[in-house]
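Student: Here's the letter readout for the chains.
Number of protein chains: 2
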Amino acid sequence: MNEKKPLPVGSVIGILGGGQLGRMLSISASQLGFRTHIFDPNPKAPAKQVTNLSSNFDYKDKEALENFASNVDVITFEFENIPAETIQTCQKITNVFPNVRSLSTCQDRSTEKKFLHAMNIPSSPFVTAKSFNDILQSVDTMDPPLILKTCRFGYDGKGQKIIYSKEEIESAASEFNDTPVILEKLIDFKLEISTIICRDMYGKIAVFDPTENHHQNGILVQSKVPANIPFSLASDAILIASKIVNALKYVGVMGVEFFVTKDNELLVNELAPRVHNSGHWTQSGCLINQFEQHIRAISGWPIGSGKRHSNVLMQNVFGEEIKALTKNSDSSVNIYGKDDSREGRKMGHKNFLT
Amino acid sequence: MNEKKPLPVGSVIGILGGGQLGRMLSISASQLGFRTHIFDPNPKAPAKQVTNLSSNFDYKDKEALENFASNVDVITFEFENIPAETIQTCQKITNVFPNVRSLSTCQDRSTEKKFLHAMNIPSSPFVTAKSFNDILQSVDTMDPPLILKTCRFGYDGKGQKIIYSKEEIESAASEFNDTPVILEKLIDFKLEISTIICRDMYGKIAVFDPTENHHQNGILVQSKVPANIPFSLASDAILIASKIVNALKYVGVMGVEFFVTKDNELLVNELAPRVHNSGHWTQSGCLINQFEQHIRAISGWPIGSGKRHSNVLMQNVFGEEIKALTKNSDSSVNIYGKDDSREGRKMGHKNFLT
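These protein sequence lines map, in sequence, to chains A and B.
Here the first sequence stands for residues 1 to 354, where the numbers follow the numbering used here.
Here the second sequence stands for residues 1 to 354, where the numbers follow the numbering used here.
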């Protein structure tokens with residue numbers, strides 16, 4: 001299990017999670033001549049349309065997981081809310097990348113912030129507590145505006161609340177009640193950027209150029225590369241991301257989100273232990289995209305350089321916007337195969353060369 | 001059935017043939033949010049690994065074809081040796097692109113040559129006959145060297161024999177016996193090039209830059225773009241290809257192979273009514289590659305411009321060479337999922353940016 005050598009062509013890549021990221025990982029694995037097995041409780045998970053091997057069980061079903069792990073050659077996951085126990089069950093049988101330490105660190109905002117703090121990596125000031133009442137005790141140390149977040153299961157702006165006064169924290173109690181929370185200083189940033197980095201099992205690192213990201217209501221709307229930042233800042237972002245993946249002995253692709261403050265300071269906002277929405281531009285801007293890169297890394301294949309050949313604008317496609325895509329000829333279109341295009345749901349993305 | 005409008009996302013694309021071309025078509029269809037259904041008698045056909053809908057029946061099984069056609073929204077094919085009757089059965093139920101006339105024209109060398117001749121499109125001089133004996137009658141009109149080919153089912157140099165004297169034709173009788181054959185003048189060309197062209201159902205045409213192709217033993221080994229030809233020759237190739245797809249009311253991607261003679265004359269060598277090996281470079285050199293382009297065309301979606309952003313070298317990977325790919329980091333790798341890597345078999349390809 002701890003041998004470090006490339007998986008042969010035809011090996012089976014197990015993917016926990018069958019959403020769009022699992023789907024695009026599966027497609028890239030197929031391109032490399034691997035087979036894929038999608039594990040997701042939802043029988044209609046989009047990734048199951050692009051392979052003929054799949055399982056429909058709960059992530060806590062130990063027997064199903066053991067069976068899954070016994071029938072694949074390596075396992076990865078598409079999202080950070082997989083229970084750590086799921087990974088622990090699987091890794092007794094086969095390799096799982098990224099490792100469980102990386103997953104545990106990134107799936108809890110409080111653990112993540114403490115990890116960054118211990119590494120001397122700049123991020124926003126914060127206090128964290130096991131319960132809401134404890135937060136109230138320590139809040140006097142920070143001036144509003146603040147942002148209150150659940151430690152786990154937040155995504156796309158969900159599980160967050162901006163706080164302008166101590167009274168507002170108190171009144172938020174009912175929303176957050178007994179969940180572990182983290183209270184962070186709200187950063188008045190001028191830009192959000194992210195770096196998609198990959199570390200392979202031999203320790204080699206490759207980074208894609210940082211992108212400039214634009215959000216609406218906490219959801220990524222578009223990413224642009226190159227980002228409108230000085231070269232020195234791009235280098236700093238890459239160095240910070242490298243320090244993070246090295247410390248975690250991380251294998252695979254990670255997304256590292258940063259705030260660029262008004263003083264041109266970089267603060268790490270969030271780590272995503274997986275391929276990342278802000279890296280979808282690599283499908284049209286690089287010879288080897290983030291999905292192929294991730295599959296190469298977890299399979300022990302040499303990873304690509306990350307070099308970019310084109311400038312790209314990536315735009316997410318939400319809800320009913322998907323219907324307009326059939327008129328689109330100037331972008332490469334990726335649609336995720338979701339059957340319900342409810343408002344605000346990410347249905348696909350478009351890449352334009354700019 | 002004759003309505004010309006874009007298929008909605010989630011529609012099912014039926015693909016006749018489950019080899020590598022069907023596999024890469026299926027992957028591109030998935031990327032566009034379509035589902036795919038692979039029809040191939042071989043239950044282990046490579047394309048069946050990348051979708052969860054497939055059928056294992058003979059191409060002449062009328063009931064199975066009718067059932068298939070009833071369960072998909074449009075049908076295409078990955079190779080020209082599909083019987084025309086297969087298409088005729090399917091098109092009674094749903095749209096099939098390219099049309100049966102294009103298939104019939106291109107699947108028989110004699111029909112193809114006559115079509116080109118009637119269109120005043122230059123190709124090598126030829127005689128054709130229903131049987132070998134008839135060829136012998138007319139051979140005196142052409143000086144050797146000649147090339148004798150079966151009219152159907154030839155590919156990758158199979159079903160061909162170079163003839164240096166009339167005696168050699170006579171002695172080839174046993175090899176070709178009663179098969180319809182065509183005898184062509186062997187062209188002493190300086191370069192082989194090809195053009196990948198696409199025509200959509202509304203009549204719009206887009207062309208990828210011509211590539212320069214290198215063969216060994218009749219099998220494509222590598223394609224390079226841009227081709228080392230004058231701009232005027234590239235334009236001529238594009239104009240000829242456009243004339244061909246317009247005449248056939250072709251819908252989808254076609255590969256047109258040319259010889260460039262020592263006098264810089266262009267002769268059409270062969271038409272392939274499908275995505276083409278010499279167009280695999282588009283996966284790394286264009287925003288919308290030949291597979292996405294074909295799926296867009298047959299689905300009534302607007303096709304891409306064909307614009308190239310990079311110079312590319314595409315190399316085919318044969319037989320056991322596939323094992324060395326796990327050491328490859330400077331090219332994007334495509335492997336076809338075939339289980340038997342016997343000598344000389346096309347197992348995958350690599351794209352390098354040059």
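Note that these hints are calculated values from the structure, not bench results.
Heads up, a few of these hints could be off.
No distinction is drawn between identical chains; accordingly, a pair holds when it is met within one copy or between any pair of copies.
As the list claims (entries may be wrong) - Straight-line distance between alpha carbons at most 20 Å, and here's what the computed DMTMM-like set of lysine to aspartate or glutamate pairs gives:
| no. | residue 1 | residue 2 |
| --- | --- | --- |
| 1 | Lys5 | Glu320 |
| 2 | Lys158 | Glu168 |
| 3 | Lys62 | Asp134 |
| 4 | Lys327 | Asp61 |
| 5 | Lys307 | Asp330 |
| 6 | Lys130 | Glu66 |
| 7 | Lys243 | Glu168 |
| 8 | Lys224 | Asp339 |
| 9 | Lys327 | Asp73 |
| 10 | Lys204 | Asp330 |
| 11 | Lys5 | Asp330 |
| 12 | Lys5 | Glu321 |
| 13 | Lys262 | Asp73 |
| 14 | Lys323 | Asp73 |
Student: Now tell me, hint by hint, if it's right for this structure.
Tutor: Outcome of the hint check:
no.	hint	in the structure
1	Lys5 <-> Glu320	between (45 Å within a copy, 18 Å between copies)
2	Lys158 <-> Glu168	within (18 Å within a copy, 78 Å between copies)
3	Lys62 <-> Asp134	neither (35 Å within a copy, 72 Å between copies)
4	Lys327 <-> Asp61	neither (44 Å within a copy, 37 Å between copies)
5	Lys307 <-> Asp330	between (23 Å within a copy, 10 Å between copies)
6	Lys130 <-> Glu66	neither (33 Å within a copy, 62 Å between copies)
7	Lys243 <-> Glu168	neither (37 Å within a copy, 71 Å between copies)
8	Lys224 <-> Asp339	neither (28 Å within a copy, 41 Å between copies)
9	Lys327 <-> Asp73	between (41 Å within a copy, 18 Å between copies)
10	Lys204 <-> Asp330	between (36 Å within a copy, 14 Å between copies)
11	Lys5 <-> Asp330	between (41 Å within a copy, 18 Å between copies)
12	Lys5 <-> Glu321	between (44 Å within a copy, 18 Å between copies)
13	Lys262 <-> Asp73	neither (47 Å within a copy, 53 Å between copies)
14	Lys323 <-> Asp73	between (38 Å within a copy, 17 Å between copies)
Hint violations for this structure: numbers 3, 4, 6, 7, 8, 13, all remaining hints satisfied.
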